[in-house]
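Number of protein chains: 2
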Amino acid sequence: MKKPSLYTVLSPALLHLYDVSNTVVVVIDVLRATSTIATALYNGAKEIIPVDSVERCIQLGKELACITAGERDGQIAPGLQYGNSSFEYPKEFIAGKTLVLTTTNGTKLLHMALAKGATEIITGSFLNLSAVCDHLLQLNKNVILGCAAWKDRVNMEDSLLAGAVVSRVKHHFDVNCDASHMAENLYHMAKNDLYEFMKSNDASHYHRLTNFGLERDIRHCLTPDLANILPEYSNGKLIIQQ
Amino acid sequence: MKKPSLYTVLSPALLHLYDVSNTVVVVIDVLRATSTIATALYNGAKEIIPVDSVERCIQLGKELACITAGERDGQIAPGLQYGNSSFEYPKEFIAGKTLVLTTTNGTKLLHMALAKGATEIITGSFLNLSAVCDHLLQLNKNVILGCAAWKDRVNMEDSLLAGAVVSRVKHHFDVNCDASHMAENLYHMAKNDLYEFMKSNDASHYHRLTNFGLERDIRHCLTPDLANILPEYSNGKLIIQQ
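Just so you know, the sequences run in chain order B and U. Residue numbers for the first sequence follow my numbering, so the first one is 3 and each next one is one higher. Residue numbers for the second sequence follow my numbering, so the first one is 3 and each next one is one higher.
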């Protein structure tokens, strides 16, 4: 029996090269959108509404009387209430609530996948790595691992997460995709200490976030399975897939 | 003193994200355009005219009464005289002659770099790795390592060559570019046996070319410095930079 295909798309600017219809798209934005999404849902958030602008976030926050969150340049964006750190969303705070989250790279990719007719859109991070892999293995459908990247430029951490997924699921897929093999090799080099790998390679996002004093956030976002649930995007909202 | 910048662009579809003006662009199409270009010039070809279509190749071949070459799907394209293998261009045959070569991925990237105002366009392959690196170190200008990729999809061999260049020149550049760091890590994993690395990772181009019986070509194209000259693109032609 023919195996389903698996592709890794290292930047949203390359997504048009692939057939997204009839495909499960895993949106990956490790630092930090999809990590924050996993954490907030794991800690009991009712739903997360990802939006692509601060204005839309403020507007929806008013309409729904819910929590607004998002950062620009490492700071809480003016007009919003919270930032983009997992540590801001403990159970005591977020359980049962709706969060409107504005992110740039991750939300853009999510909307692209939707527009191109993806069968299912889920979000992946190290925090929910096993949940993502288990789901992909169970589904037996074509998969695209979509890296949100940074303003369309390929980045290290999203590639590493793609590689981690590839390493776990590849035998169940037809992986005719150099980007997947490259990501997997990179992951194998890095896996013993992902943080140190990011640091020693002076990964651009490591550099950017440590300038804001966010080492603890980075370490958290590189730790597997701390919030091991499966966020699914449906009707404009991210909820835990049951 | 501020170092010049170095970026690796893993696909032509990402080139628009970078400032190409005032930049030296290294066009990389390891299997096999830029390897063939290095070999033919090393063996004494007067000049190589890269064109993007078989029709244009035939037309120019007639006008200039010169050699035409190019492949589609691993076969010499109908209407052309020669293929895209270094072994077709020994000194006895090619010395002093003009070659019109049609390639898809490499030529496209070359024309894009030209249109975007690159200061200088050179071609890189493992066959002329040292010549490229020595030149970049000497110039002290901003550099883009441009991978020709495969129909805009990221490929293994061009990324490996980019990584090889990064590993040799990085200390002289400001490398704020995850793709460069990723390529360099990949190269370090692969460098002891590039052929075996391509094979064991089932690189898509390895797969494609071995289906045509071209293992010998691949091995050749992965061997450093066998044709260690510097091809420069100027006025529509590739010639050896003196």
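What the hints contain is simulated information worked out from the structure, not anything from laboratory work. It is possible that some hints are incorrect.
One copy or any two copies: either way a pair holds, since identical chains are not told apart in the list.
As the list claims (entries may be wrong) - Straight line, CA to CA, 27 Å or less: simulated DSSO-like cross-link-like pairs of lysine-lysine: (1) K93 / K201; (2) K93 / K172; (3) K153 / K118; (4) K5 / K239; (5) K110 / K153; (6) K172 / K193; (7) K64 / K143; (8) K4 / K201.
For each hint, the structure was consulted:
1. K93 / K201: neither (30 Å within a copy, 48 Å between copies)
2. K93 / K172: Classified as neither; 35 Å inside a copy, 45 Å across copies.
3. K153 / K118: both (20 Å within a copy, 20 Å between copies)
4. K5 / K239: neither (31 Å within a copy, 46 Å between copies)
5. K110 / K153: both (10 Å within a copy, 24 Å between copies)
6. K172 / K193: Answer is both: 17 Å inside a copy and 24 Å across each meet the 27 Å cutoff.
7. K64 / K143: neither (39 Å within a copy, 51 Å between copies)
8. K4 / K201: between (40 Å within a copy, 22 Å between copies)
Going down the numbered hints, you'll see the structure goes against 1, 2, 4 and 7, while the others check out.
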